[in-house]
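Participant: So you can see what is in the structure, the chains are spelled out below.
There are 2 protein chains.
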Amino acid sequence: MNLERPTLPDAVAQESGGKVVLLVADGLGGLPHPGTGLTEIEAASTPNLDALARESVTGLHVPIAPGITPGSGPAHMALFGYDPVGCVIGRGVLEALGIGFGLAEGDVAIRVNFATVDAEGRITDRRAGRIPTEKCTELAERLDRIKLPGVEVFVRPVKEHRAVIVLRGAGLEGGLNDTDPQATGVPPLPFEGVAREQEKTAELLRAFLGAAAEMLKDEPRANMLTLRGISTRPDIPTFGERYRVRAAAIAGYPMYRGVAGLVGMDVLPPAETPEELGAALEGAYGDYDFFFIHFKKTDSTGEDGDFDRKVAATELFDTVVPRVLAVGPDVLLVTGDHSTPAALASHSWHPVPVALRAKSARVDAVDRFGESAFASGGLGVVRATDLMALMLAHAGRLAKFGA
Amino acid sequence: MNLERPTLPDAVAQESGGKVVLLVADGLGGLPHPGTGLTEIEAASTPNLDALARESVTGLHVPIAPGITPGSGPAHMALFGYDPVGCVIGRGVLEALGIGFGLAEGDVAIRVNFATVDAEGRITDRRAGRIPTEKCTELAERLDRIKLPGVEVFVRPVKEHRAVIVLRGAGLEGGLNDTDPQATGVPPLPFEGVAREQEKTAELLRAFLGAAAEMLKDEPRANMLTLRGISTRPDIPTFGERYRVRAAAIAGYPMYRGVAGLVGMDVLPPAETPEELGAALEGAYGDYDFFFIHFKKTDSTGEDGDFDRKVAATELFDTVVPRVLAVGPDVLLVTGDHSTPAALASHSWHPVPVALRAKSARVDAVDRFGESAFASGGLGVVRATDLMALMLAHAGRLAKFGA
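Top to bottom, those sequences are chains A and B. All residue numbers for the first sequence refer to this note's numbering, where the first residue is 1 and numbers rise by one. All residue numbers for the second sequence refer to this note's numbering, where the first residue is 1 and numbers rise by one.
Derived by calculation from the structure, the hints in this document are not laboratory data. Wrong hints could be hidden among the right ones.
Which copy is meant is left open, so a pair is good if it fits within one copy or across any two.
[To be verified] Here are the simulated lysine-lysine pairs, DSS-like style, with alpha carbons at most 25 Å apart: (1) Lys19 - Lys147; (2) Lys400 - Lys297; (3) Lys400 - Lys296; (4) Lys159 - Lys400; (5) Lys135 - Lys217; (6) Lys200 - Lys159; (7) Lys217 - Lys159; (8) Lys159 - Lys19.
The model shown is predicted, which means the values in this text are computed figures rather than measured ones.
Produce the complete structure using the sequences and hints provided.
Facilitator: What follows is the structure in structure tokens.
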């Protein structure tokens, strides 16, 4: 007999059950301030999060694996219950999805940086002086007119120096190396170790870069491009197929909208402030079973290495909580996708606080929201990929496994 | 494109970063004394370990899996981040490496016990009365002269009744059963269930045993051999290849030197006392990125079932800590490879205390070193195999995974 290993929780997911809100503060976890011993969350005044902690089962989650610092893509894939290591999403695909570009099966998407090169072709500014988004839009429109034999070419602006190229046609492949050398004083990198099946794509991109360099040669700053994350959309089952929920994403920043779209969530119009996030949830609450709500500022302030501004961002995030509770979700899980300690000014591997509020939660004694308090919470330390099953279970959406 | 699942942390390891010391007290974990309720560590006076606990993030590690008691080989492989179940090292290979024998690819190594048999060939003493090492050396030199057709034969003394045989030649295979019956009153076991590809090796070893029995027949005690752990060196990537560090091992006992050599660490000259361990670290500190330091006495006293001597050994281990801190490592992780409770007088499966000291550690409220205190530490309960990634992350040696 061949017993295939069932995929959980997918195998027991039911169409009926309560409504779930997954509220994510990007980069939520932090590190203690050397002066006070308190992390950003612990230093912040967070009455709503603290009240939530008292009504929740709490713990910490490890985004990918102990010691592993996740990028935004893998961190969110893990929160959504997808194996973040086995299912890597290219940066190009993420950026394309993030601007709402409708990627088709087989499209190759590429993250583009406008850059400045000197007369010898050496990069002097990897971000072309962070040209304004208007300029980026103008240049993208110009490059969008480039024609390549046998494929369609799309060039779309993202923000400042960032844009996206999509090639559409038969026989295209991702996985070519980045041409961004991650350094100045050197020219962009050539493609190396190109596999036979990647040759067509490499050839087309070389032709594109040649045409683009010619078009941009008189630009004072954005006179060159570098390419990153040359990739195709991974073939994965959707959120709806796996968990049998109608899911919606409420987020402002392209990357997170992109990942949510990739797993098949309906991506609602952009929302960023607590008011916008709350209003979007209220407006769509009747139409979906599962909501992913993304709050960005806790991450960006951490990445800036600004402890006080991260504290302020956490206090702003605190005001999202009552707006979410106002719709009366059956399950609310509040967490981050990863830690972004101001002390490191970057993403990190440190476990992230999780509070899960539901009627069936085994509420613990933890009475305030924070890394130290949650370390002794009733959930213990879990993997991010386990959170989806916990949310669905508490919503009554998972049947018994086995007789 | 086929993106194979990347192996973490290998896929993100960088060549630059801070220096790491992994300080292992063998068999560190214990069980409470029935009279006091305190474990060996908790009963010991350990001012340096307690101070370390206050500056560290703490927790417990599970060496192999819950309930599984590890041997020294698997326990150390796990600490080094190698899957201890998928990558089993034969006892023969460990013994050979431990005496500094340069095992080549394809060599078959065998752990040998000198034993005493009676006139009927039944074992009366499995350790030949623990003959002195000098006698073992003399006998090994005698047996080393045995010639076998088509292969080279090496016989080397280890200690007391223990020796090593290595066969070198084409077509040899490990995996034959041990001939030590683990009992007296019965003869050594024959080889059973020999696979076709093992037949040549079995035949050679039978011939060797015949010749050895003839050579030893007049010995009063060591008149027979038993064979254990008939094995070849596993084909695994080295520590340096995986983690991009230059690694050195500082240890006194052959087994641990052997495992460290197997994963490709430079094995420094033997050191055992706190003074020797500290001096070895200081002397080599400039030349390596990663140091594995092994302290043995916490295990041997536990195996003797001697609670008080294990307490004393733990207090001696405590004095290693300041000697290690004196070199100023960026990351110091102090733990054991497994527990060896005096109450059980053997290795055990109980989780082992871990203290990780680094600038980026999320220091918890734990203020003393010990099993009970660390159970509420900020690391939670982790697998031993996760510790390498944590050490490397805290040393700034791991790049972000994914965009």
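Participant: For each hint, tell me whether it holds in the structure or not.
Facilitator: Outcome of the hint check:
In this assembly of identical chains, lysine 19 and lysine 147 lie within 25 Å of each other by CA distance neither inside one copy nor across copies; the values are 48 Å within and 52 Å between. In this assembly of identical chains, the alpha carbons of lysine 400 and lysine 297 lie at most 25 Å apart only when taken from different copies (20 Å versus 39 Å within one copy). Taking the shortest Cα distances, lysine 400 and lysine 296 sit within 25 Å of each other only across copies (19 Å), while inside one copy they are farther apart (36 Å). Proximity of lysine 159 and lysine 400 under a CA criterion of 25 Å is satisfied inter-copy only: 23 Å between copies versus 47 Å inside one chain copy.
Taking identical chains as interchangeable, the C-alpha atoms of lysine 135 and lysine 217 lie at most 25 Å apart only when both belong to the same chain, with a minimum of 15 Å there against 84 Å between chains. Taking the closest pair of Cα atoms, lysine 200 and lysine 159 never come within 25 Å of each other, the shortest separation being 29 Å inside a single copy and 64 Å across copies. Proximity of lysine 217 and lysine 159 under a CA criterion of 25 Å is satisfied intra-copy only: 21 Å inside one chain copy versus 76 Å between copies. For a Cα distance limit of 25 Å, the shortest separation of lysine 159 from lysine 19 qualifies neither inside one copy, at 35 Å, nor across copies, at 39 Å.
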